[in-house]
Amino acid sequence: MAGMPPVDISKLQLVQELEIEMMSDMYNRMTAACHKKCIPPKYKDAELGKGESVCLDRCIAKYLDIHERIGKKLTQLSVQDEDLMKRMQTEQQQQPRT
Amino acid sequence: MDPNALDFASLRNFKDFLQHFNVMSESCFLRCVNTFNNRELTEEEALCVTQCADKHVKVNKKVMEVYIEVQPQIAKKRMEEVAALQESLEKQNKSSEHSEGSETKKS
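Order-wise, the sequence lines are chains A and B. Under the numbering used here, the first sequence has 80 at position 80, and the numbering climbs by one with no breaks. Under the numbering used here, the second sequence has 57 at position 57, and the numbering climbs by one with no breaks.
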């Protein structure tokens, strides 16, 4: 994943822990968002209605789709940024020689 | 540069990046998705999400630009205030020492 720092094996565990923490954060946000979208605040019944079930199903699918799309976009952008930085660096290195 | 510090900074950056990513996903989802007729995103929703993501990135960039410009000015002002306060405290101490010294001479 772009944006990941260059790490040795000892730091890899930290990075993995961070990824897990962020996955957990994403999960919590998704739960809260879909609850907000699909469950009306009037709690007539403890059981999930069919409409609510279907809504939750589709909500989660959409959320994960969005999460994936944004991930790809951010990765693409940070790769572009990295390329730009590298090009700028090589240009700066070349300039004093001329 | 201390390699541990560099790793810590890049880990922090990575954590901020991931956090920002999660916040973006949530925000764009809440704003753009209002129908649940299908598991797939509609074209309209997909377009909304793309635009939302771009906007977030640009907002973040703008915030950083302004912060980098304004924050040092505020920090400098605070430092000047602290320095002025310290100076006045030192003057107070010196004048109180001077008056104590003259009192001891009298006794």
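In case anyone wonders, no lab produced these hints; they're calculated from the structure. Bear in mind that the values here come from a model prediction, so they are computed numbers and not experimental data. Note that beta-carbon positions come from the ideal geometry of N, C-alpha and C, so glycine has one too. Accuracy of the hints is not assured; some may be wrong.
The list that follows gives simulated cross-link-like pairs (lysine to any residue, SDA-like), each with its CA atoms no further than 25 Å apart [what the hints assert, rightly or not]:
(1) B:61 / B:48
(2) B:55 / A:79
(3) A:36 / A:50
(4) B:62 / B:14
(5) B:62 / A:79
(6) A:37 / B:76
(7) A:73 / B:20
(8) B:55 / B:22
(9) B:76 / B:63
(10) A:86 / B:68
(11) B:62 / B:30
(12) B:15 / A:64
(13) B:61 / A:36
(14) B:61 / A:50
(15) B:76 / B:86
(16) A:50 / A:69
(17) B:15 / A:37
(18) A:36 / B:43
Covered stretches of chain B (in silico footprint by chain A; criterion: 3 or more residues with CB under 8 Å from a CB of chain A, positions within the stretch not fixed) [what the hints assert, rightly or not]:
(19) 14–21
(20) 24–36
(21) 39–48
Restraint check for residue 61 of chain B with residue 36 of chain A, where alpha carbons must lie at most 25 Å apart: Not satisfied, since the Cα-Cα distance of roughly 30 Å exceeds 25 Å.
Check of the region 14–21 of chain B against chain A for coverage (Cβ-Cβ below 8 Å, three residues minimum): holds (count 6)
25 Å Cα cutoff - pair residue 36 of chain A, residue 50 of chain A: 17 Å, holds
Hinted pair residue 73 of chain A and residue 20 of chain B, Cα distance within 25 Å: Given that 25 Å is the threshold and the Cα spacing comes to 13 Å, the pair holds.
Given hint residue 43 of chain B paired with residue 36 of chain A - CA-CA distance at most 25 Å: Judged against 25 Å, a Cα distance of about 23 Å means the pair holds.
Restraint check for residue 55 of chain B with residue 22 of chain B, where alpha carbons must lie at most 25 Å apart: 15 Å, holds
Verdict on chain A covering the region 24–36 of chain B, criterion of 3 CB contacts below 8 Å: Answer holds; 10 residues pass the 8 Å Cβ test.
Restraint status (C-alpha distance of residue 62 of chain B to residue 30 of chain B at most 25 Å): 23 Å, holds
Pair hint residue 15 of chain B and residue 64 of chain A, alpha-carbon separation not exceeding 25 Å: Holds, at roughly 20 Å.
Agreement of residue 37 of chain A and residue 76 of chain B with the hint, judged by alpha carbon distance not exceeding 25 Å: 47 Å, violated
Straight-line alpha-carbon gap residue 62 of chain B to residue 79 of chain A, limit 25 Å: 20 Å, holds
Hinted pair residue 61 of chain B and residue 48 of chain B, Cα distance within 25 Å: At roughly 20 Å apart (the allowed maximum being 25 Å), residue 48 of chain B and residue 61 of chain B satisfy the hint.
Of the hints listed earlier, those the structure fails to meet are numbers 6, 13, 14, 16 and 17, in rising order.
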